[in-house]
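As they're listed, the protein sequences go chains A and B. In terms of my numbering, the first sequence opens at residue 1 and continues consecutively. In terms of my numbering, the second sequence opens at residue 1 and continues consecutively.
Derived from the structure by calculation, the hints contain no laboratory data. Be aware that a few hints might be false.
Each pair may be met inside one copy or between any two copies, as identical chains are not told apart.
Quick list of in silico lysine-lysine cross-link-like pairs, BS3-like style, CA-CA up to 27 Å [unchecked claim]: (1) K220 - K22; (2) K353 - K125; (3) K103 - K125; (4) K254 - K402; (5) K28 - K441; (6) K151 - K100; (7) K430 - K365; (8) K100 - K125; (9) K151 - K61.
Number of protein chains: 2
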Amino acid sequence: MLELNFANMMEEVIGVRGINVKVLESLKVQVQEEHRLISERKLPELEFLELPNRDISEIKKFAQEIRKDSDHFLILGIGGSALGPRAILEALSPLHNLRKTPKVFIYDNVDPRTLDGIFSVIDLKRTTVNVISKSGSTAETAAGFMLLWEKMKDIHGKEAGKRFIATTDPASGTLRKIAAENGMRTLPIEKGIGGRFSVLSPVGLLLAEVIGTDSSHLLKGAGDIHEKCSTYELWQNPAYMFGTLLYIMNGEEKRNINAMIPYADSLKFLSEWFCQLWAESLGKNGMGMTPYPSVGTTDQHSQLQLWMEGPEDKVVIFLRIGDYGVDFTIPAVFEGVDGMSYLSGHSISELIKAEEESTELALAKRGKPNMTIHLPSIDAYHLGQLLQFFEIATAFTGLLMKINPFNQPGVEEGKNFTYGMMGKKGFETKKSEVEEAREKKACWKI
Amino acid sequence: MLELNFANMMEEVIGVRGINVKVLESLKVQVQEEHRLISERKLPELEFLELPNRDISEIKKFAQEIRKDSDHFLILGIGGSALGPRAILEALSPLHNLRKTPKVFIYDNVDPRTLDGIFSVIDLKRTTVNVISKSGSTAETAAGFMLLWEKMKDIHGKEAGKRFIATTDPASGTLRKIAAENGMRTLPIEKGIGGRFSVLSPVGLLLAEVIGTDSSHLLKGAGDIHEKCSTYELWQNPAYMFGTLLYIMNGEEKRNINAMIPYADSLKFLSEWFCQLWAESLGKNGMGMTPYPSVGTTDQHSQLQLWMEGPEDKVVIFLRIGDYGVDFTIPAVFEGVDGMSYLSGHSISELIKAEEESTELALAKRGKPNMTIHLPSIDAYHLGQLLQFFEIATAFTGLLMKINPFNQPGVEEGKNFTYGMMGKKGFETKKSEVEEAREKKACWKI
Chain A
1 MLELNFANMM EEVIGVRGIN VKVLESLKVQ VQEEHRLISE RKLPELEFLE
51 LPNRDISEIK KFAQEIRKDS DHFLILGIGG SALGPRAILE ALSPLHNLRK
101 TPKVFIYDNV DPRTLDGIFS VIDLKRTTVN VISKSGSTAE TAAGFMLLWE
151 KMKDIHGKEA GKRFIATTDP ASGTLRKIAA ENGMRTLPIE KGIGGRFSVL
201 SPVGLLLAEV IGTDSSHLLK GAGDIHEKCS TYELWQNPAY MFGTLLYIMN
251 GEEKRNINAM IPYADSLKFL SEWFCQLWAE SLGKNGMGMT PYPSVGTTDQ
301 HSQLQLWMEG PEDKVVIFLR IGDYGVDFTI PAVFEGVDGM SYLSGHSISE
351 LIKAEEESTE LALAKRGKPN MTIHLPSIDA YHLGQLLQFF EIATAFTGLL
401 MKINPFNQPG VEEGKNFTYG MMGKKGFETK KSEVEEAREK KACWKI
Chain B
1 MLELNFANMM EEVIGVRGIN VKVLESLKVQ VQEEHRLISE RKLPELEFLE
51 LPNRDISEIK KFAQEIRKDS DHFLILGIGG SALGPRAILE ALSPLHNLRK
101 TPKVFIYDNV DPRTLDGIFS VIDLKRTTVN VISKSGSTAE TAAGFMLLWE
151 KMKDIHGKEA GKRFIATTDP ASGTLRKIAA ENGMRTLPIE KGIGGRFSVL
201 SPVGLLLAEV IGTDSSHLLK GAGDIHEKCS TYELWQNPAY MFGTLLYIMN
251 GEEKRNINAM IPYADSLKFL SEWFCQLWAE SLGKNGMGMT PYPSVGTTDQ
301 HSQLQLWMEG PEDKVVIFLR IGDYGVDFTI PAVFEGVDGM SYLSGHSISE
351 LIKAEEESTE LALAKRGKPN MTIHLPSIDA YHLGQLLQFF EIATAFTGLL
401 MKINPFNQPG VEEGKNFTYG MMGKKGFETK KSEVEEAREK KACWKI
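When you get a sec, could you build the whole thing from the sequences and use the hints?
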């Protein structure tokens, strides 16, 4: 089971920059209040907590079909619709496209170079496209969908619809309508499931099954950690403790950055998924810590200098792996060469774990707060725990901050300018605003 | 030529949170002083500025050999030794391993799962290994090197040395010695070239040539932007202006995060390369902005909410592409469907550019400072400009901050703990410190 060690967040361990136990205690009542909101499902978007209990037989059926008739699986989606599937893909099947079929591509942008690259390597005759969008009107996803639809119609004619799966609102929306009219299979994103809380819905699970993962393990892990995080007792609930500690570090200690550093290449995208979840949920009303995506040991040679000797503005979250599932012993070569022979006989998992622990300690010795999540191994069961853990922790932290963690009003303004420039009706004045700004800016150029 | 537009950093354009022209003017003399240090090469590590003039014939020769006799090219290196090559690879040859040979792998960690993955897909009989380390004693690189050396000796016997190229100090160090003793080809990292300023040395150029790029274009671009950034006149020097603006935003405005958002998937790793350069160079003496790696439009659905409505702690740096080199027109399908048809007839490069400009403006309208680097296209020439531009800007900013941008003293402590745990002689007390800390931490676990 996933565990949280928060020693290096505490005054008793790292000194004055740590948190005093009394401060934690003083928040106990507030924690219990927020817990009540969660346990009684007072917000409809808490539905993500129910996902581990959903029936997944249809997802499994579609995945079987894809594994039979497709060499390529192309996801069109952006934000949570892409980051969740990618986190699962990279964690559970590293170097997937060099080793397995169906090869997976996730097009989560409107970059023409990327699309050109994808078209040059996939065979659309043997491709299934999974369009993921709750409404269907997300501009980036819609653009990709329109392009793919035309291409697939050219190749498959009237059968084109059969090469698509629309993961979308179960009842309404653009994508639902198009899917029905064109004979596409569909999977539901239920009303209460927001994009960034959707990884354990069909959004992430179809991909999981397509790459050969039994997604029931993901759900079992999620359910188990949910149970562990269902107590109102702060001192027994790792998700609440995680959120409360960061809440204090942000509020009282004015630290505005929380860096996430898993010690596994394959969890780099888990880190990016977390960054979206945390940033978009909690960045509002002038508040919000900035989550920083990184990976160990690699970023010890990139970000660690700044963490060690930079300003007092960060909390570092380590993700330590218990068992990598495979290992290599460093052989006794180059004997007698100074600065290498001490490594001989050790395994590389020993080395990566030693580096992780050393970095924790180096930070702690300088009074830099950090905490560690222990993940026993990188498999579907524990990945499910990790995903659900962060979702609970993020929702809880939002409630503690007295904000709504489930909306994202701040992104509308930019969308409206884009609508204006793309000629969408009703946004004509937005276009003029962009053109005006462009003129005003022209002289500030070197 | 690369251009910087800094309108949205200025009070005249975005209002009170912008920079007053007088503040910029007041720094002119200081800028000229730092310029003198640079133009007179007062620090030996400014040697990176000379790299565009180096002879690259040997690099080209080795690359030709590799392209002939290798299907796989494996880089062992970490930090600048990996991030620079990866930035070039992803920018200039997206989806490389699915489209081209030699396939390229960059092992910049000691993650056993990654190594297992690499071994499962490469043919060591047809592999060249490029070990990159100035000293050779970097633990991660050394561990990988020792493992690969034994494997390659098993396969190639006495010829194993010929399958390695050591990119290292031209005269001294562990790796230099091993290379000489085992008949490996070598390429120099000159004394004055630090890891994070090494991308335009053999560190990055060999990879560039291996993937079929004429690296002289990279160097030509670097030389040209260097010339443009060689004036002491702040108002004509985009690198100095970039650094000065961030210096003011960090100092006077207390903004401690600078997010970098290129609007191209293939520049995501450029963004990560920049983050190492900036963080490790400037994060010291309790100072340093945290550089944030992101990519557009993708991160509009991840980080933008926080940038728009979160705390006043960020500056956003846009990287706008002029010509993507390829394009697709969004077809007129799903006619009459609300919320999609406005896209028909536009190209996707129009859409991505509209989104970039819209996001700039949305931030500016809220008084959030941002600036934009215009890159005419993504090719070797302009990538060379970009790399050199950021190196000059970073070195300059360090001088402005009155720190040494070329060292990284903060990473030693963690290394020493690792040495202790791995049994390196002389570090026995460090091991005890780790064990003591481990015991102390044990009770803070949920």
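Legend entry - Homomeric proximity label, K151 with K61: Cα distance no greater than 27 Å: within (26 Å within a copy, 43 Å between copies)
Inset, instruction - If the cutoff is 27 Å on CA atoms, where do K220 and K22 land: within, between, both or neither? Let me know, please. - result: Answer is neither: 36 Å inside a copy and 61 Å across each miss the 27 Å cutoff.
Legend entry - Within, between, both or neither, where K103 and K125 count as close if Cα-Cα is 27 Å or less: So K103 and K125 pass the 27 Å test inside a copy (14 Å) and across (26 Å) alike.
Legend entry - Alpha-carbon proximity between K100 and K125, which holds within one copy, between copies, both or neither at 27 Å: both (18 Å within a copy, 22 Å between copies)
Inset, instruction - Could you place K430 and K365 in one of the four classes (within, between, both, neither) given a Cα distance threshold of 27 Å? - result: So K430 and K365 pass the 27 Å test across copies only (12 Å; inside, 53 Å).
Inset, instruction - Evaluate K28 and K441 at a C-alpha cut-off of 27 Å and name the case that applies: within, between, both or neither. - result: between (51 Å within a copy, 23 Å between copies)
Legend entry - Intra- versus inter-copy proximity for K125 and K353 (alpha-carbon distance at most 27 Å): neither (45 Å within a copy, 31 Å between copies)
Legend entry - K151 and K100: within-copy, between-copy, both or neither at 27 Å Cα: both (25 Å within a copy, 25 Å between copies)
Inset, instruction - Evaluate K254 and K402 at a C-alpha cut-off of 27 Å and name the case that applies: within, between, both or neither. - result: both (17 Å within a copy, 26 Å between copies)
Checked against the numbered hints given earlier, the structure breaks hints 1, 2 and satisfies all the rest.
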